[in-house]
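Trainee: What follows is the residue order along each chain.
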Amino acid sequence: MENKLIILLVIVLGAIAIAQLVRIYEISAKLRKNEEHEISHRDNNLNARMMFGFMLAFFAFFIYLMSAYGWTGRGSAASNEGEEMDWLLNLNFVIIIAIFFFTNFLLFYFTWRYVKKPGVPAFYYPHNNKLEMLWTVVPAIVLAVIIILGLQTWSHLTGPTTPEAEKIELFSKQFDWTARYAGADNTLGLYDYKLTLDNNELALLTSNTIDSALANMFGGATGIRSLQKLLNNRDTVFSDSTLNVLKADLSRKERLYRFLTQMKQNHNPKLDASAWDDIIQKDTLYLCKGQEYEIALRAKDVIHSAYFPHFRAQMNTVPGMATRMKFTPNKTTAEMRLEKNDEQFNYILMCNKICGGAHYKMKMIVVVLDKPAYTKWMDGKKKATFKDQYFPAAAPAPAAPADTTAVAAAVTMN
Amino acid sequence: MASHDAHAHGHHEDHHHHEEHFISKYIFSQDHKMIGKQFLLTAVFMGLVAMMLSILFRIQLGWPGESSDILSFFLGEKWAPNGVLKEDMYLGLVTIHGTIMVFFLLTGGLSGTFSNILIPLQLGARDMASGFLNMLSYWFFALSSIIMLVSLFVESGPAMAGWTVYPPLSALPQAVSGSGLGMTLWLVSMAIFIASSLIGSLNYIVTIINLRTKGMTMTRMPLTIWAFFVTAILGVLSFPVLLSAALLLIMDRTMGTSFYLSDIIVGGEMLTNHGGSPILYQHLFWFLGHPEVYIVLLPALGLSSEIIATNSRKPIFGYKAMIGSILAIGFLSFIVWGHHMFVTGMNPFLGSVFVFTTLLIAIPSAVKVFNYLTTLWKGSLVLTPAMLFAIGLVSTFITGGVTGIILADSALDIMLHDTYFVVAHFHIVMGMSAVFGMFAGVYHWFPKMFGRMLNTRLGYAHFWVTLIGAYGVFFPMHFVGLAGAPRRYYDYSSYSEFDNNSFELMVDLNEIITTFAIIAAVGQVLFLFNFFYSIFRGPKAPQNPWNSTTLEWTTPVEHMHGNWPGELPTVHRWPYDYSKPGASQDFIPQTTPLEDGEEEH
Chain A
91 MENKLIILLV IVLGAIAIAQ LVRIYEISAK LRKNEEHEIS HRDNNLNARM MFGFMLAFFA
151 FFIYLMSAYG WTGRGSAASN EGEEMDWLLN LNFVIIIAIF FFTNFLLFYF TWRYVKKPGV
211 PAFYYPHNNK LEMLWTVVPA IVLAVIIILG LQTWSHLTGP TTPEAEKIEL FSKQFDWTAR
271 YAGADNTLGL YDYKLTLDNN ELALLTSNTI DSALANMFGG ATGIRSLQKL LNNRDTVFSD
331 STLNVLKADL SRKERLYRFL TQMKQNHNPK LDASAWDDII QKDTLYLCKG QEYEIALRAK
391 DVIHSAYFPH FRAQMNTVPG MATRMKFTPN KTTAEMRLEK NDEQFNYILM CNKICGGAHY
451 KMKMIVVVLD KPAYTKWMDG KKKATFKDQY FPAAAPAPAA PADTTAVAAA VTMN
Chain B
166 MASHDAHAHG HHEDHHHHEE HFISKYIFSQ DHKMIGKQFL LTAVFMGLVA MMLSILFRIQ
226 LGWPGESSDI LSFFLGEKWA PNGVLKEDMY LGLVTIHGTI MVFFLLTGGL SGTFSNILIP
286 LQLGARDMAS GFLNMLSYWF FALSSIIMLV SLFVESGPAM AGWTVYPPLS ALPQAVSGSG
346 LGMTLWLVSM AIFIASSLIG SLNYIVTIIN LRTKGMTMTR MPLTIWAFFV TAILGVLSFP
406 VLLSAALLLI MDRTMGTSFY LSDIIVGGEM LTNHGGSPIL YQHLFWFLGH PEVYIVLLPA
466 LGLSSEIIAT NSRKPIFGYK AMIGSILAIG FLSFIVWGHH MFVTGMNPFL GSVFVFTTLL
526 IAIPSAVKVF NYLTTLWKGS LVLTPAMLFA IGLVSTFITG GVTGIILADS ALDIMLHDTY
586 FVVAHFHIVM GMSAVFGMFA GVYHWFPKMF GRMLNTRLGY AHFWVTLIGA YGVFFPMHFV
646 GLAGAPRRYY DYSSYSEFDN NSFELMVDLN EIITTFAIIA AVGQVLFLFN FFYSIFRGPK
706 APQNPWNSTT LEWTTPVEHM HGNWPGELPT VHRWPYDYSK PGASQDFIPQ TTPLEDGEEE
766 H
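Protein chains in written order, with my numbering: chain A, 91 to 504; chain B, 166 to 766.
Accuracy of the hints is not assured; some may be wrong.
[Said to hold, decoys possible] When the alpha-carbon atoms are kept at most 16 Å apart in a straight line, the in silico EDC-like pairs for lysine to aspartate or glutamate are as follows:
| no. | chain 1 | residue 1 | chain 2 | residue 2 |
| --- | --- | --- | --- | --- |
| 1 | A | K343 | B | E434 |
| 2 | A | K430 | B | E434 |
| 3 | A | K430 | B | E662 |
| 4 | B | K705 | A | E128 |
| 5 | A | K453 | B | D751 |
| 6 | A | K354 | A | D301 |
| 7 | A | K207 | B | D656 |
| 8 | A | K451 | B | D253 |
| 9 | A | K451 | B | D656 |
| 10 | B | K705 | A | E125 |
| 11 | A | K453 | B | E434 |
What the hints contain is simulated information worked out from the structure, not anything from laboratory work.
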């Protein structure tokens, strides 16, 4: 409280001080009788020199930042794609830093060099077509190079993965990440957000999950049946607003129930297998060095962005829309720790699209292992598939569909 | 015709020394000069608020989690318990800071102020085409400003989805508290703002096309007017798209439509919305959003062209090329919006098209920069505060512009998208440049606006604090961003869990940045004092203080309805006859007829 008083006091005293300054200033202005629009040579020269000095300080500041935080301040890339991007980024930086120094130098140098001198008139020079052509064509050529190289890299980065790529889904919600490995068949099971339940947080699509969603929608704690019971209870009286909320809730659930019923009728049980063997992984994402990854991305509530700064990979996760990215890690966590000389270092998956209050805490530690260690970890995980964890009693899966590409296509279409 | 009559009538009244009522003179004024000043004062106030908001969240970023009396003083126990900023309010401050700066300061303040003051004065018109619509434009602007400020005080907090207010975050109050009433007020305010901007822009366009005085051909217009002209066209074509984006969002929020929503579970509630696309909103938003960058920037470039030519005592180099590059920038600005969306899941091929169009903008921008440099070359530079700000603008336009080349390259944008590198880029190229252009304009045309002079020494002090402070804030941000720091993060403490080197870099640089921000903010007191003091007590201005050629300096110092007593001036030459060989003085006003055998340029 007293601190607030002090702040208020500072503001009031500041205002009084300014008012006093005004009076002093007014008196001195009367004595000086200067003309504000006539800039004296002294002021002109002083500012010209300060402009040149500023340029030197500005350049020095830039060079200091580069030396203190490393050339452009980022660590080395940890994926094949990242190395290609870093090469391109370095090239672009060389070009733009050269332009930055050159044009800023000319600007401040001219300001200093051509400041008004008595008796030296300005040079009347309204245009010169050759010069103007020069600085249209030269930037155009430089940009053509930048565009061509950039688009080449872009097509590498966004092109299709090889069939050997391992598929992983990253599921985002306020405020954490969940990973889903595709399991033995390397095919991610289908999903539908309406199937979301406590025992099926990723809303995977199987005959059993449809049944449990239907059962929950109808008979669950806040299901249709209990809502109807509540509304039909003659002993309870609701306010209009509560009644409206309950009715809206009921009609929403009835609509969802209809959709789920349709889903059940159209469901092909052969698809179950691709979901049953999926592996759901929280907390830490394990990846294998040298393995190409095809990453499918999904959002439950709002837009998030899957951002791996060290792999130089980023893609938004969008509710209602499937997005993807790919990368191939090429340094294990242990190798990177050695390189950075930091035993605590870890790769990270961050959220990089504003998603709510705890946005800044939404992250997942990423560990890159070498092939043997990764295989060992994965073998352990294969004993804890989606089915093992949540539906151990479910009917044995029918044989996986022969045509896996059709399933994959269905996944991307969903 | 009607407006012509009105002017004639207004003119007639002046001869009878008609005393105007306070309300019609200062409040509901239809005089373009007064409306321009109203825009300026409102924008300066809004800018101060937005700057103050940025200082509040910069305190959190510079010294995360530390109790601050300033925070608890301004935000109270609700939003800063024990002087530590709440996460939600952090996002609210960031959002409103961005919104006010982009729309209320840099759009309303820059284009609104200077288009109003300079278009009729530099064209030789008695007033805007429609004085009434002009007044309406200001009052819509004032109303939207008030609503935006009110939204800061609602219980659930102001809008918190970032200034781009992407749905679903902005559509779902369950997702963040600011998406309740705060977001509704944001949308209402913006809808009114858009109406203001549209009315204003239409008025500017009509005035420029129809009300040029005799001899004022399009290629004799000062570059300021060209810039305002293209700006107004951009506004008319792009703001309605933002309005439709906002309307669809309002419908999604209130009427249960699904334009932007699909397959969402939020706060444990399963929504039935299906088939909408959040990406649709982004397309609509950036269809305005990118031209908006040039709506902000072009007037600043126009003002600085005029100021640099006048104070170099040289014609602007390559006048026609400057017009061409303004037109090229204006056109290209409509086909580049997708570069904000490279990582949204947009088709990669579409992304490559946007890479191509975006990088093309660098060409007219480079032409402008080199033309400015050549204008300075072999000039006779008079370093007024306005001139210093204009030169500062060229510097920030270069420094911020070159990093645009990297961000426009989709392959590089992947790793830098939504990091502090982007924050650094657009604050320098758009924020600093436009603010510098605005200050340059205020220092240069203050004598015209208020009939008095600003104090030059205070102007110098203000320039140096602002230049050093602002570069000190935004330049280190490049390094924070390249180290990977995402923007809109409340703090970077999570880095300490996996990468201590980066964490230390961020702690160091954020502290430096906040320190510079506070210095730059305090430095603005110099300007505020100079500005308000000089309005009332500055020394009286001469008619043409900067020895300038353009028409506004031929009007009397005392403002009057209709701008010129007697006949409107006739224009005989282009506006850049400075230091023309053979002339008796180093400038020839546009109203001076060509001498026998003299070539126009």
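Trainee: State for each hint whether it applies.
Mentor: Hints, one by one, checked against the model:
Straight-line distance between C-alpha atoms of A:K343 and B:E434 comes to about 10 Å, which keeps the hinted pair within the 16 Å bound. A hinted pair counts as satisfied when its Cα atoms are at most 16 Å apart, and A:K430 with B:E434 does not qualify at roughly 45 Å. Restraint check for A:K430 and B:E662: the C-alpha separation of about 15 Å stays at or below 16 Å, so the hint holds. Between B:K705 and A:E128, the direct Cα distance comes to roughly 13 Å. Compliance with the 16 Å bound is thereby established for this hinted pair.
Restraint check for A:K453 and B:D751: not satisfied, since their Cα atoms lie roughly 64 Å apart, outside the 16 Å limit. Note on A:K354 and A:D301: the hinted pairing holds, with a Cα-Cα distance of about 8 Å set against a maximum of 16 Å. A distance of roughly 52 Å separates the Cα atoms of A:K207 and B:D656; the hinted pair therefore is violated under the 16 Å criterion. Using a Cα cut-off of 16 Å, the hinted pair A:K451 and B:D253 holds, with the two alpha carbons roughly 13 Å apart.
Proximity of A:K451 to B:D656 is assessed by CA-CA distance (about 9 Å); at most 16 Å being required, the pair is judged to hold. As the CA atoms of B:K705 and A:E125 are separated by approximately 10 Å, the hinted pair is consistent with the 16 Å bound. Of the supplied pair hints, the one linking A:K453 and B:E434 is violated, its CA atoms being roughly 24 Å apart against a limit of 16 Å.
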